[in-house]
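Guided by the hints, dock chain B onto chain A, whose structure is given.
Protein chains in written order, with this note's numbering: chain A, 198 to 540; chain B, -17 to 240.
Think of the hints as simulated: they come from the structure by calculation, not from any bench.
Since the structure is predicted, the reported quantities are computational estimates derived from the model, not experimental observations.
In this text, a Cβ means the ideal position worked out from N, Cα and C, and glycines have one as well.
Among these hints, one or two may not hold up.
[Unchecked claim] Cut-off 20 Å, straight-line C-alpha distance, at most; resulting in silico cross-link-like pairs (EDC-like, lysine to aspartate or glutamate):
(1) A/LYS439 x B/GLU58
(2) A/LYS440 x B/GLU58
(3) A/LYS439 x B/GLU61
(4) A/LYS479 x B/GLU126
(5) B/LYS171 x B/ASP144
(6) B/LYS73 x A/GLU428
(7) B/LYS216 x B/GLU203
(8) A/LYS233 x A/GLU250
(9) A/LYS440 x B/GLU61
(10) B/LYS53 x B/GLU7
(11) B/LYS41 x A/GLU428
[Stated by the list, open to error] From the structure, some residues in chain B lie toward chain A, with a derived Cβ separation under 10 Å:
(12) GLU58
(13) PRO59
(14) LEU60
(15) SER77
(16) LEU79
(17) GLU83
(18) LEU87
(19) GLY88
(20) GLN90
(21) THR93
(22) ASN94
(23) TRP95
(24) ILE96
(25) THR98
(26) ARG139
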Amino acid sequence: MPHQKRNTILFLLLTLGLIFLFFVNISLGSITIPFKEIYTSLTGGQASKSTWEYIIINYRLPKAITAVLVGMGLSISGLLMQTLFRNPLAGPDVLGLSSGASLGVAFVILSASLLPSFLSTILLSSYGIVLASTLGSTAVLLLVLLVSQRLRDTMAILIVGLMFGSFTSAIVGVLTYFSSAEQLQKFTFWSLGNLGNLSWTSILILSVCVGIGLFLSIFSIKSLNALLLGENYARSLGLNFKKARLIIIFATSILAGSITAYVGPIAFVGLAVPHIAKLIFKTSDHSVLYWSTLLLGAAIMLICDAISQMPGMEITLPINAVTSIFGAPIVVWLLVRKRKMMG
Amino acid sequence: MNNILTTSNLSIGYKTKKSTVTIAENLNLNLQEGKLIALIGANGIGKSTLLRTITGIQKPLHGDAFLNGKKISSYEPLELAQNLSIVLTEKLPPSNLTVFELVALGRQPYTNWIGTLSADDIEKVNIALELTQISHLATKKHYEISDGQLQKVLIARALAQDTPLIILDEPTTHLDLLHKVALFKLLKKLTHETGKCILFSTHDIDMAIQLSDEMIIMTPETVVQDEPCNLISKGSFNTLFKDEHIVFDSEKGKFLIR
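For reference, chain B alone in the conformation it holds in the complex:
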């Protein structure tokens, strides 16, 4: 298995004028190709900071994140765009974009100065639409489709960007159970069929345990990365929430409320 993204002794956090706020220290993560990896942790624990750091938006305090063996901070914007694509939670600004046009924007790192789509680009867009099963929506405007469909469109856009690593920030929020499951399954299918590495943050822990290949658990003390079954046997899920009323049942593989 090839490593796509690795971190060595990475410390993340913020630097203000007066002090340095460290959110997590000495992270040694390893994201491999063909794997679906879930990032979980309580609200405010620093999941977003971690994602921002490994996508190169924010600078690390110490250590480094390496994408394909090269420091993230030494990437040119265009080169980074050809190696890393993202799906965000933020709402899209109002526009007349059709689903096809929106997915085709994922080809921007490869198009010429005015953005003309080549035959190859169009083929890549069509493949992305097929993989996410939204070809029938291609001519619809992006505001005419449901939230679940829009999430698929955004994933198709990231696929069209043709990067070895895709990072999704809470892709399952706003979706009902049926669409959550469908989305998880889609992500799983994509990693196995395309050999990409997909990292996503989520609060749907039960589902992530069942469907992801590996998980990264963030707690105030540590950040651990392992396969879900190993994390269960180690009892890592009990450290997730500091509340005596929430207990992880290792036999059922889910959280119980007392």
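Isolated chain A (complex conformation):
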């Protein structure tokens, strides 16, 4: 079939593009390092300046790997949500997972002054924030699972997620009212997203979480394809709907929860990337969409990160601002242009 050939070429191009972007991402930054030196440090050799090697191994490489993990994880969780909820506007943030993480972090950062000092020092460490964020998104996950057992209607779960989002932002609003300027600044920085602060240990933990999520998603490909016909047809095809839905929700939660915990809530990637994949590959078959979304997600996140570094300038833009500036118009454009094929 001709479109199979087309897909093979597209996948090849995407993979090459991703490798290229990965190296470009590492070579960009406020300090210019020659390409040859980057290659030497990455392959284990000695760069001519030890600071260059240090920057690459301990700063740029972890950041690029984080970008790849974040892009893959968020995009796949968006793809799962959009098919499960039969809604082109679904994404990890819509389920309320990001809001849950935000609430956890807001509680820790903004109410730290109310707690005894030794507790607040522990809580305000980076581990405390990661823990709070994970707890927050897990709490929402449990709530969503509880609701999904009660409600047969998937649209209702979506609305519950949205309501939870509003509820959380209200609570965060109340908390900011009682907190100091310094605390507020800290929370704002977290909520703007940051790919760059992860230690190798954190990256390892994040990789395991994202790995589990992506692995579970591969096993959901067949169920997702059945769900393209809607719940009732999917059941008539022998799908154990409750079990499939549980696996999909769990995969989304572990992806979105762990990523938000480490890098903050990153907007629009989960929503926009699956649509771009659907537009390029012109299919709804998840065995194609899965891999294309995976590769595109990583590539787009690397591009966004490269833009946020503002090559040649001293300043760095918050990653969330970059993804929103590019993501929001793309979604609007997609909605206007291709209404029928969204999904």
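Here is chain B on its own, set in the frame of chain A:
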């Protein structure tokens, strides 16, 4: 003739916390292979409840429905999917599925964990496309075709599922006269050529009388199953609507309005 689906003293209805609502009692239906069977009844009489019960979505109040001699409720989801396929009235969610891909989803009960189509699966899909005469649409997106064509695609999907029994919920709604007739004829052809049993609910009673092998008439009092000509001579159609202005003309075989 082999029985595909039988019910013994089946009672259908709903159980709420306080009371039990019985819609129909003591149903003894018998669906045989190679037969096209129409289910008719006024709106709200419980056709959907009956279909839901015999497809295993809803539990019966009393009695049982047997598919190939085995209780419907004791089927595993996958096993049931290999014995019973359905065509629903609900709209498909938006997607990029092509006609071929949509029909191929009917092979899911037989494919491996990731859904790869084998050569055998592809052949079954192509046969289903040919039987429903939509091979030329195979590469079209499912939203690019007309309602009548889409209905055929959904039937082809059920055929690809390769089950002895296909149940369709009001397949002729939204279609004009020409396409209604074409669809009825297609269903008739399929039962005779493939030996499957096809049960469908419909409001197009005149056409069902002319084209189906048997009919099941649901009224508040009884549920009867027989051949259309026997039902006419028994006067069963007059019990269908409780309205003095609607009368069934047994000579013309259709309803008249007074």
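A quick look at each hint next to the structure:
Of the supplied pair hints, the one linking A/LYS439 and B/GLU58 holds, its CA atoms being roughly 14 Å apart against a limit of 20 Å. For the proposed pair A/LYS440 and B/GLU58, the alpha carbon gap of about 14 Å is at most 20 Å, so the pair holds. A distance of roughly 17 Å separates the Cα atoms of A/LYS439 and B/GLU61; the hinted pair therefore holds under the 20 Å criterion. Restraint check: the Cα-Cα separation between A/LYS479 and B/GLU126 comes to about 14 Å, which is no more than 20 Å; the hinted pair holds.
Of the supplied pair hints, the one linking B/LYS171 and B/ASP144 holds, its CA atoms being roughly 16 Å apart against a limit of 20 Å. Only pairs whose Cα atoms come within 20 Å are accepted, and B/LYS73 paired with A/GLU428 is accepted, the gap being roughly 11 Å. Restraint check: the Cα-Cα separation between B/LYS216 and B/GLU203 comes to about 15 Å, which is no more than 20 Å; the hinted pair holds. Of the pairs offered as hints, the one joining A/LYS233 and A/GLU250 holds, with about 12 Å between alpha carbons and a cut-off of 20 Å not exceeded.
Restraint check for A/LYS440 and B/GLU61: the C-alpha separation of about 17 Å stays at or below 20 Å, so the hint holds. Taking the CA atoms of B/LYS53 and B/GLU7, the gap is about 18 Å. The hint holds against a cut of 20 Å. Simply put, B/LYS41 and A/GLU428 have alpha-carbon atoms about 19 Å apart, close enough for the 20 Å limit, and the pair holds. With 10 Å as the threshold, the beta carbon of B/GLU58 comes within range of chain A, its nearest partner Cβ sitting at about 8 Å, so the hint holds.
For B/PRO59, the interface hint holds, since its Cβ comes within 10 Å of a Cβ in chain A; the closest pair sits about 5 Å apart. Interface restraint check: B/LEU60 against chain A, minimum CB-CB distance 4 Å, threshold 10 Å, status holds. Residue-level restraint check for B/SER77 holds (minimum Cβ-Cβ distance to chain A is 4 Å; threshold 10 Å). Using the Cβ-Cβ criterion of 10 Å, the hint placing B/LEU79 at the interface with chain A is satisfied: the shortest such distance is roughly 5 Å.
Taking 10 Å as the C-beta contact cut-off toward chain A, the hint placing B/GLU83 at the interface holds, the least distance being around 6 Å. Among the interface hints, the one on B/LEU87 holds; its C-beta lies about 6 Å from the nearest C-beta in chain A, closer than the 10 Å criterion. Checking B/GLY88 against chain A by beta carbon gives a least distance of about 7 Å; that is within 10 Å, so the hint holds. At about 4 Å, the closest approach between the beta carbon of B/GLN90 and any beta carbon in chain A falls short of 10 Å, and the interface hint on this residue holds.
The criterion of a C-beta within 10 Å of any C-beta in chain A is met by B/THR93, whose closest approach is roughly 7 Å, and the hint holds. Satisfaction of the interface hint for B/ASN94 is found here, the shortest Cβ-Cβ separation to chain A being roughly 8 Å, below the 10 Å cut-off. Taking 10 Å as the C-beta cut-off, the interface hint given for B/TRP95 holds, the closest approach to chain A being about 6 Å. The criterion of a C-beta within 10 Å of any C-beta in chain A is met by B/ILE96, whose closest approach is roughly 6 Å, and the hint holds.
For B/THR98, the shortest C-beta to C-beta distance to chain A is roughly 8 Å, which falls under 10 Å, so the interface hint holds. Contact between B/ARG139 and chain A, as hinted, is supported at the beta carbon level, the nearest pair being about 8 Å apart and thus within 10 Å.
Hint compliance for this structure: no hint is broken.
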